[in-house]
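Participant: Sequence:
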Amino acid sequence: MELANLFQFAADNSLEMIMVFNDFGMIVYANKRAKELTEFEEDLCGTLVSDVYPGLFSKGVRIKDSDVTLGEIYDSMAYRKNKTCFQTRVKVLEYDMQYICVARDTSKRISLEKKLVLAEQEAKEALKVKSEFVANVTHELRTPVNGILGNTRELISRESDEDKLKLLALVERGCRDMNAIINNILDFSKLEAGKFILEERKFEFRNMIDYVKSNHINRITEKGLEFSITVSPEVPKFVVGDELRIVQILNNMISNAYKFTSVGEIHVEIVKTAQMDAKTELFFVVIDTGIGIAKADQDKLFKSFSQVDASISRKYGGTGLGLSICKELVELMGGGIHVNSEVGKGTVFSFNIWVEIPEEDYLIQGRELHDGLKEYVTEPDERQTIINKLQNLMNNDSGDGIKIFGEPANLEELEKKLTKLILSMEMDNWEKAEMFAESIKELAEEAPREIKSAALRLKMAVQKGDYEKAVAAFELFKNSLQQI
Numbered sequence: 003m004e005l006a007n008l009f010q011f012a013a014d015n016s017l018e019m020i021m022v023f024n025d026f027g028m029i030v031y032a033n034k035r036a037k038e039l040t041e042f043e044e045d046l047c048g049t050l051v052s053d054v055y056p057g058l059f060s061k062g063v064r065i066k067d068s069d070v071t072l073g074e075i076y077d078s079m080a081y082r083k084n085k086t087c088f089q090t091r092v093k094v095l096e097y098d099m100q101y102i103c104v105a106r107d108t109s110k111r112i113s114l115e116k117k118l119v120l121a122e123q124e125a126k127e128a129l130k131v132k133s134e135f136v137a138n139v140t141h142e143l144r145t146p147v148n149g150i151l152g153n154t155r156e157l158i159s160r161e162s163d164e165d166k167l168k169l170l171a172l173v174e175r176g177c178r179d180m181n182a183i184i185n186n187i188l189d190f191s192k193l194e195a196g197k198f199i200l201e202e203r204k205f206e207f208r209n210m211i212d213y214v215k216s217n218h219i220n221r222i223t224e225k226g227l228e229f230s231i232t233v234s235p236e237v238p239k240f241v242v243g244d245e246l247r248i249v250q251i252l253n254n255m256i257s258n259a260y261k262f263t264s265v266g267e268i269h270v271e272i273v274k275t276a277q278m279d280a281k282t283e284l285f286f287v288v289i290d291t292g293i294g295i296a297k298a299d300q301d302k303l304f305k306s307f308s309q310v311d312a313s314i315s316r317k318y319g320g321t322g323l324g325l326s327i328c329k330e331l332v333e334l335m336g337g338g339i340h341v342n343s344e345v346g347k348g349t350v351f352s353f354n355i356w357v358e359i360p361e362e363d364y365l366i367q368g369r370e371l372h373d374g375l376k377e378y379v380t381e382p383d384e385r386q387t388i389i390n391k392l393q394n395l396m397n398n399d400s401g402d403g404i405k406i407f408g409e410p411a412n413l414e415e416l417e418k419k420l421t422k423l424i425l426s427m428e429m430d431n432w433e434k435a436e437m438f439a440e441s442i443k444e445l446a447e448e449a450p451r452e453i454k455s456a457a458l459r460l461k462m463a464v465q466k467g468d469y470e471k472a473v474a475a476f477e478l479f480k481n482s483l484q485q486i
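If you want this note's numbering, it's the 1-based position in the sequence shown plus 2.
Careful, some of the hints might be misleading.
[Unchecked claim] Lysine-lysine pairs mimicking DSS-like chemistry, simulated, CA-CA at most 27 Å apart:
hint, residue 1, residue 2
1, Lys391, Lys168
2, Lys422, Lys215
3, Lys132, Lys302
4, Lys192, Lys61
5, Lys302, Lys192
6, Lys117, Lys130
7, Lys166, Lys197
8, Lys480, Lys454
9, Lys110, Lys126
10, Lys239, Lys261
11, Lys215, Lys281
12, Lys225, Lys197
13, Lys297, Lys192
14, Lys61, Lys93
15, Lys126, Lys93
16, Lys215, Lys197
17, Lys329, Lys204
18, Lys34, Lys61
19, Lys239, Lys391
20, Lys204, Lys192
21, Lys302, Lys126
22, Lys130, Lys116
23, Lys197, Lys329
In short, the hints are calculated from the structure, not lab data.
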């Protein structure tokens, strides 16, 4: 095929409009696409380019005298023979005293873009309506729940009958749980709508940590777990940040660790990892010896309304919003959140946030900071070293020994849990009894089949709340242990 024929073939099969015209604007060549789109067909040759592009070219004005800049890309309307028009993106070039116009029909793309813009506006409006609806509903829910909670606490203060107090305690706990869910939904709605604002103020960091610890220490130790929080000396005494939201993040992570840990301990470590003038980066690690999370499931953790497994929600409760909200809050504070976990070996959640040192404290520290502490950053590898060190400490303390059936630490822990279980059953506290039965089942996870089955039967009997059957299952398990 000759080169001229090859170019003709390519032009006729091009998706672009191609027109060639002289300095007077007379079209001397048009490819197939140009003829089809303009509907001039064979009449296009001999037509003035100003008839197709009146917005770019004027009749009677030579091309070289027009306002069109050669090589420039224009968005311009192209007119058909019947005077209707369509949007194009066009470029004009000069070659050997001739002008070449190459244009693409962009009408469908522009139409699609308009639809997308409209869809985005509608989505934003729908989100706004949804956010307002959620805010109204949560407010309407919160009012009666708080009313029930207040009246229940009043009744508890007056009641002396133990059976009634147990029922009232269940109502109080249900109201607190409901309030937590309402708050989570409201926070999520604000975050989704981009209306969440951090309230930053000066507060004493270690006082906040003491408050967090007091929220959890009783129920964690009642479950037979060890609980500790360590704050590095380098962490400033006073910082400026959103104290309420930092507490919210820590409460959520510690509560998760509590829910999914039956044996061992929960530890929180807080260190200072960076200093940039008056800004300080704090690194938080929450580590437990719980059931752990499979690698394949870890990506689900920070997705809204997501649980690793549907059975998790049924067994442990939760809306699947907590960690999603934590992630958003941490990112608003300039940080990130991460998880390291292995099934059966526990979980490590870590996150970093940026806070400010109050101006007066920063000025006091100014000489120190300018003498070498003004700017330093801990590398990610060093943060992982902190996590590894904590994991090793926990494993050396109790983690591995407790979970290996038959080891002295394991048998000692089993005896402790069995004693607490029988006491809970005697006191008719079946909620605690079920908690200890779950711990016993986990401690016997690597036991011989007979002991493992006895632990499962014990747990099932305790769940039913039948004292006689639970005692029988308890004795059966104790007897099976004595066989080893």
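Participant: Which numbered conditions among the earlier hints are violated in the structure presented, ordered from lowest to highest?
Facilitator: 1, 4, 7, 10, 12, 13, 15, 16
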